[in-house]
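Asks: Please build the complete structure, drawing on both the sequences and the hints.
Protein chains: 2
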Amino acid sequence: MTSSAGHPSRRPTIADIAAHAGVSPTAVSFALNDRPGVSARTRTRILAAVAELGWRPNVAARALGGRRADTVGLVVTRPARTLGVEPFFAQLVSGLQARLSADLVALQLLVVEDVSAELDVYRRWAAERRTDGVVVLDLERDDPRPDELVRMGLPAVLLSGDGTPGPVPAVFADDHAAMTSLAEHLAALGHVHVGHVGGVPAYVHSARRATALHDAGARLGLDITTVPADFSQDEAAAATRALLARDERPTAIVYDSDVAALAGVTVLAEAGLDLPGDISVASFDDSELVRLAHPPLTAMTRDTFELGELVAGTVLSLVRGEPVPDVVGAPTPVLTVRGSTGRVPGVAA
Amino acid sequence: MTSSAGHPSRRPTIADIAAHAGVSPTAVSFALNDRPGVSARTRTRILAAVAELGWRPNVAARALGGRRADTVGLVVTRPARTLGVEPFFAQLVSGLQARLSADLVALQLLVVEDVSAELDVYRRWAAERRTDGVVVLDLERDDPRPDELVRMGLPAVLLSGDGTPGPVPAVFADDHAAMTSLAEHLAALGHVHVGHVGGVPAYVHSARRATALHDAGARLGLDITTVPADFSQDEAAAATRALLARDERPTAIVYDSDVAALAGVTVLAEAGLDLPGDISVASFDDSELVRLAHPPLTAMTRDTFELGELVAGTVLSLVRGEPVPDVVGAPTPVLTVRGSTGRVPGVAA
DNA sequence: TAACGGCGCTAAAGCGCTTTAGTCGGCGCC
DNA sequence: GGCGCCGACTAAAGCGCTTTAGCGCCGTTA
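Going down the list, the protein sequences come from chains A and B. Take the first sequence: its position 207, counted from the start at 1, is 207 in the working numbering, and no numbers get skipped. Take the second sequence: its position 238, counted from the start at 1, is 238 in the working numbering, and no numbers get skipped.
It should be emphasised that the hints constitute simulated quantities derived from the structure, not laboratory data. Misleading hints may appear alongside valid ones.
[As the list claims (entries may be wrong)] Here are the computed distance ranges between Cβ atoms for each label pair:
1. A:Ser39 x B:Arg124: 49 to 57 Å
2. B:Arg151 x A:Arg68: 41 to 49 Å
3. A:Gly54 x B:Ser24: 38 to 46 Å
[Said to hold, decoys possible] One side of the interface only, derived from the structure: several residues of chain B facing chain A at Cβ under 8 Å:
4. Pro57
5. Ala60
6. Ala90
7. Ala127
8. Pro165
9. His176
10. Thr180
11. Glu288
12. Leu289
13. Leu292
Ideal Cβ placement from N, Cα and C applies to all residues, glycine included.
Replies: Here is the structure:
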C-alpha cells in the first residue's frame, strides 16, 4: 500500500517523472494536460511513470501559473447560526459539493454578516486567485453583486433571480408558477381568506412569491394578506399571531419557508387550532422538517440537492469557458398535498 | 471605491510595492511577515505602499513556497443527502466556519462514500498541499484514519473519540456522563423498561452512549433494550416498531439522534400512543427539529455551533505548531426536560 | 587604527508547474 | 536537390512569494 520505499520520501515533481521517463518536464506537462506535441508512445510512457511514482499535481504551483484554483466559493450572508437550521442550505451545499467533487473541485464556504462583507470576500478571492468562480444566493432588488463580480472578473452564477437575463448567468426556478399552483390548491378547497407569512421582502425571490400569490388571488377571488418575516422563527411566530388577530381571520396560511411554517404550526397549536380542521397550513419549502410535522405539511416540493448539482454544473461550465445560457432553468417546485390542508371549515364537502 | 485608475489594472505584486516604496522585494516580504531585518521607518513606508496599492497576497504563490494553504478540510463519510437532514452537521459546519473565517482560513468540504475514499482525499490533500489540516468525524473502533494521517503528516483533530489520548488530538465531549444523566431522569420518573434506538454501532461515540445507558441501567435497576439504527429515518422507525412489539413494551424510548427521534415520534403517533401519557421519548441530540416536535422533546442539549468553533480553534493551533493537549474537553451535554418525558403510566404521582 | 560584529538591506535562487520560443530531423514539393 | 513545413521534443523564462547568502556601513573594542 505504501509507496515504494527508498529515498527519504519527498513528493515527486514533474521533473522526477520527466527523469524517470527520459523526457523533458515540458513533455510531461504536455502529456498531463492532453496537449498536442507528444507522441502516443511517449505519452503512455510518461503516464506510466506518473502512476509508478504516484505523482500528484501541486495545486499551488498550478494556480501560480495563472491556472485554475479548482475551487468554487459560496459566501452566505446570513446569521451563521441560521445555517444550521435551514435544511435548504444544507441540502444545497450537499448538492453543490456532490457535483463539484465529481470533478475534483473543492467547495469553499464562508458566512458573513452583510453584503458589503460579502463583496470584500469576493474581492479577496479574486485577488488571491483562491476560487475560480462563486455561487451567489439571495439576490436583492438593485443588488450590487452581479455588476461588481463582472467588474472584478470573478465568474459567478446566481441562484434565483427573476428569470430575466442579467450580467451574470442565473439558475432560475419558477417560483411564480409554483406559488400559483399552491394558490389554486387552496382556492379549490374553498379558502378565500388566505394569510401569507412571507420572506425577507428585499429578496427578489420573496417578492416574486408574494406577487405570484397576490396575482393568483386576484384571479381566483382570494383575499391574500402578506406579512413579511425574516429567517427567525420568532418573526414567523409573530407574523402568525398577527394574522390570527385580524378581523377576518384567514382559514389558510401559506409560509414562505419550512422553518417559518414549523414555527407557525406551533403558534396555531398553542392557540388550540386543529390542522386542517380549523385552519389549513402550507409551506413553500418542502423538507424533512415539514414531513415530520404533525400533521405533515402540504408543501411545494423541489429537489434542493439536485438544484445544488445544477448550480455547481453551471459554475463549472462557466469557469471552463463553455457556453452558458443567461438563464438556466431549474425544475419548478411541485405541489405535494399532505394532511395540513383541507376544505375550508364550515362548508359542506 | 475603485482602486486608482491608470494602468490597465493588474494585481499589484510584491515587486510593485517594493518599487513604490523604493526597497527590494525581500524587504517587503520581511515587513509583511513581521520578520526582523527591516527598520521601523522602512516598515511603515512599506505598509503604506501596501495599503495604497491595495496589495493582497497571492495564496498560490505563498503555498508554493512551502507555506500554509490557509485552508482546513472536512471530509464527511455519509450519504450526501443525509448531510442536509442532520442539523448536527450544519451547525457544526457553521461553527467551524465561523472560527476559521475569523482567521481568514477557509473551510474545504467534501462528502465521500466510505472511509477508504476519505483516506484517498487526505492523501490527495496532503500531496497537493491543499489543506493545512483536517477535522475527522465519526471515529470507529480500530479506525485507520488517525495513524494514516500521522503517517502522511497531515495535521488532524478528531471530534469525539473515547477520551483517551491517541495519535492525534481529539475534542471530546463526555457522552457517557450525558447519557447517564438522561438515564437518571427516566429512572426518577419511575421508568423501568427503557428502549434505546442507538446509532451506528461501529462508531465509538455510539458505542459509548449505549454502554453508558446500560451501565446506568444496571445501577438504577433499569431494563434497557438497545436496537441499533443508522442515519436513516426508516431504520429508526423500524427500530421503534421493534421496540413496541416486545413482550415487555418499553415505557420510555431514548433516541441517539434528533432525526431518529422525530421518525420514532411519528411511528408512536401512528400507533396511537400519546406523549408522554402513554410513552416517554427523549433524544440524545437536541436541535431545532426536536424543539419543534409535538410535544417538544426532552433532549441532551449542547451547543454544536460552539463545538465547531472549539474544534476549529484546535485545528488552527495545531497547524500553527502551538501546543495542543491530547484531549480537548468540550462541554458535556446538559439535560433539557421538555414535554415528551413524564411519569411512567399507571403509577400514581 | 584595524579587526569585529550587528543591523539594514539586497541579489538571487528556488518552490512546481505552464508556456513560449525555439531546435532538430524527416517528409513532400517544385 | 534545395526549400519549406510539420511533428516531436527541449530550453528557458516566468508566475508571486519566501529564503538564504551576502554586502556595506557604522559603532565598538583593543
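Asks: Please go over all the hints and tell whether each is borne out by the structure.
Replies: Against the structure, the hints:
no., hint, result
1, A:Ser39 x B:Arg124: 49 to 57 Å, "29 Å, violated"
2, B:Arg151 x A:Arg68: 41 to 49 Å, "29 Å, violated"
3, A:Gly54 x B:Ser24: 38 to 46 Å, "39 Å, holds"
4, Pro57, "6 Å, holds"
5, Ala60, "4 Å, holds"
6, Ala90, "4 Å, holds"
7, Ala127, "4 Å, holds"
8, Pro165, "25 Å, violated"
9, His176, "25 Å, violated"
10, Thr180, "27 Å, violated"
11, Glu288, "5 Å, holds"
12, Leu289, "6 Å, holds"
13, Leu292, "5 Å, holds"
Checked against the numbered hints listed earlier, the structure breaks hints 1, 2, 8, 9 and 10; every other hint is satisfied.
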